[in-house]
Amino acid sequence: MRILIVEDDLEAADAMERGLSEGGHACQRAADGEAGLAAARDGGFDVLIVDRMMPRMDGVTLVETLRREGDQTPVLFLSALGEVNDRVTGLKAGGDDYLVKPYAFSELIARVEALARRRETGSVQTLLRVGDLEMDLIGRTVHRQGKEIDLQPREFQLLEFMMRHAGQSVTRTMLLEKVWEYHFDPQTNVIDVHISRLRAKIDKGFDRPMLQTVRGAGYRLDA
Amino acid sequence: MRLPRIFRTTPFRLTLLFLALFAAAAFAFLAYIYVATAGEATRRTDQEITREMRSLAAAYDRAGLDALNQSLIERAASERPFLYLLMTPSGARISGSIAASPVEDFTGPPAWTSFSVTEAGAQGRSVKRPARGLQERMRGGEILFVGADVGEDEAYVLKVVRALWGAGALVVVLGLSGGVLVSRNVSRSMAGLVAVVEAVRNGDLGARARVRGARDEFDELAAGLNEMLDRLERSMAGHRHAGDAIAHDLRSPLTRLRARLEAALLDVEAGKSDPTEALAQAVNDTDGVLKTFGAVLAIARLQAAGAAPSQAPFDPAGLARDIAELYEPLCEDKGVEFRAELSPDLTVRGNREFLAQALANILDNAVKYTPAGGAIMLRVRRRSSGEVEFSVTDTGPGVPQADRARVVERFVRLENSRNEPGAGLGLSLVAAVAEAHDGRLDLDEGPGKVGEMGPGLRVALILPRAA
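From first to last, the protein sequence lines stand for chains V and L. Here the first sequence is numbered in this note's numbering, starting from 1 and rising by one per residue. Here the second sequence is numbered in this note's numbering, starting from 1001 and rising by one per residue.
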């Protein structure tokens, strides 16, 4: 995957580049908004990581410009501004996801991969399939090895998200944001409880567990 | 050189401007009076002289030089105030009441002249009096001069001029002192305000202007200034408080983290432990610090902002349902019974995200402190006052009455809960959210002591009636 990092904090950009490169991604860097815009216009990136506050051109302007020019490359905003309003501004400008600094590295990687994946499977699907697990999005049913699994609405949403990001780590914060649409961290890990219930339903009684816990990161659904 | 303060004030400058305009008007007025009075006197004298000259010239034309001479003699003997001089064509005196003509050029056309006559005054002193006259050549070549003593006129004009000067001086003095008075008055009114601004600039945010109760624009300005300073002071206090709180709330966890890292470093150096584990622990600790930081920042921002941003009306039962759904499995896993009673058809106005977080924090606490076998009840209802109340009642150990106010403060955790995870900021954030919505947080006893359970805690987040 080719990733453009537009970040004026060189140390943070270094760390990001190293981490993403280790994950097998090719990174290019730009240290200010204008350079970032020029690099993004050259194209060929799967994901853009854009800091909101930068010299010469802020991230929001950069992304707005790109979107106006018809560039639909997924954008992950990084920002120290974490208020709801700031988030809304970022997403309205055309950002696809918003990560508040400071962030866990696993969180960044998980979100970047989720964004890239979303682009690959951009079209409207009616059936999701991961290994022997099948989800009918219209009939709202889930089957594993032909056996129907009964899920609560929220469990269905949770599994849908995991299936759409099968093979990738997703963090608890991502789940809370994307499935529950909350942007705060509960003190207790409520998400773990929901995952373990889901796990009980889709893995119990089958030979091979699909829903994995990724240490220090979150969860992953494997085929 | 600097002018005294009073001369630099705006009212005084305005006064000077008005004074200048006033003086110009007064000058025009006085000039008119001068022309109308002094000018008129001179004109009348000139007319009389001209008439006398005409009548004498007519006598000469009618009856010749002798008749003229005769008339001059007769007139000089009368009480008429005119001065006469009849001269030959070459300028030699023939007769008249003055010795020599004040007009030197005998050949020119008729000419007016001003001169002075010497008169024997009282006590033998000679007095010079101003006079004015006209000299004309008669048809036969003789020269006739007719003049008049204008001493009375001049004296009158002089009086008028003196009066005018006096009036002008009075205008300036009155205007100037009026200006000084007005500007002193205004300056005194301004001085209070200026002093307040000065004090604030020097860092005394507590300074306030005096409102004199005159209900004029100075009072308005003073009241406005005071209100502005009140707000500024509140906001500054909020920021200062937030800064102190952040420093306090973060220093201790960071100190702990540092100590743990140091200990781990020593252990690793001594070969006693695996660095991976120590690093993983450090990352975990850092996450804890960041979580605390996030909570502190959220509280500080809410407190500094005064009101929660982006408030909109929404259904509180819907919010409670969502949060309940998030926490219900947690209760079930822990063996705690969870129930919810949510009144439908209510509307509150607020920031849904903040209120969701507040409710989540309350439930978080309840789940944390309620032992297995206990129960948690989430309720949304309208109070008789019209306020909307979110409440969570648990059957945990509760909080003694004396400690209830304290647990809401930042970072306070009661002795018996030291081992539980959590930054201790949960209820502080709830309180900040409540305040940011003009609401409040109430802590009360739960359902009471039942066997091992209780007495429990009832936490209520009360929002004002939606307008």
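The hints are simulated quantities; they were obtained by calculation from the structure and are not laboratory data. We put the CB at the ideal spot given by N, CA and C, even for glycine. Misleading hints may appear alongside valid ones.
Which bits of chain V does chain L cover? Going by a derived footprint, with three or more residues having C-beta under 8 Å, they are [said to hold, decoys possible]:
| hint | region |
| --- | --- |
| 1 | 17-26 |
| 2 | 188-201 |
Each computed DMTMM-like pair below joins lysine to aspartate or glutamate, with the alpha-carbon atoms no more than 25 Å apart [unchecked claim]:
| hint | chain 1 | residue 1 | chain 2 | residue 2 |
| --- | --- | --- | --- | --- |
| 3 | L | Lys1291 | V | Glu69 |
| 4 | V | Lys92 | L | Glu1353 |
| 5 | V | Lys204 | L | Glu1332 |
| 6 | L | Lys1291 | V | Asp203 |
| 7 | V | Lys101 | L | Asp1287 |
| 8 | V | Lys201 | L | Asp1442 |
A quick look at each hint next to the structure:
{"no.": "1", "hint": "17-26", "result": "violated (count 0)"}
{"no.": "2", "hint": "188-201", "result": "holds (count 6)"}
{"no.": "3", "hint": "Lys1291/L with Glu69/V", "result": "39 Å, violated"}
{"no.": "4", "hint": "Lys92/V with Glu1353/L", "result": "18 Å, holds"}
{"no.": "5", "hint": "Lys204/V with Glu1332/L", "result": "19 Å, holds"}
{"no.": "6", "hint": "Lys1291/L with Asp203/V", "result": "32 Å, violated"}
{"no.": "7", "hint": "Lys101/V with Asp1287/L", "result": "12 Å, holds"}
{"no.": "8", "hint": "Lys201/V with Asp1442/L", "result": "40 Å, violated"}
Consistency note: the structure conflicts with the earlier hints numbered 1, 3, 6 and 8.
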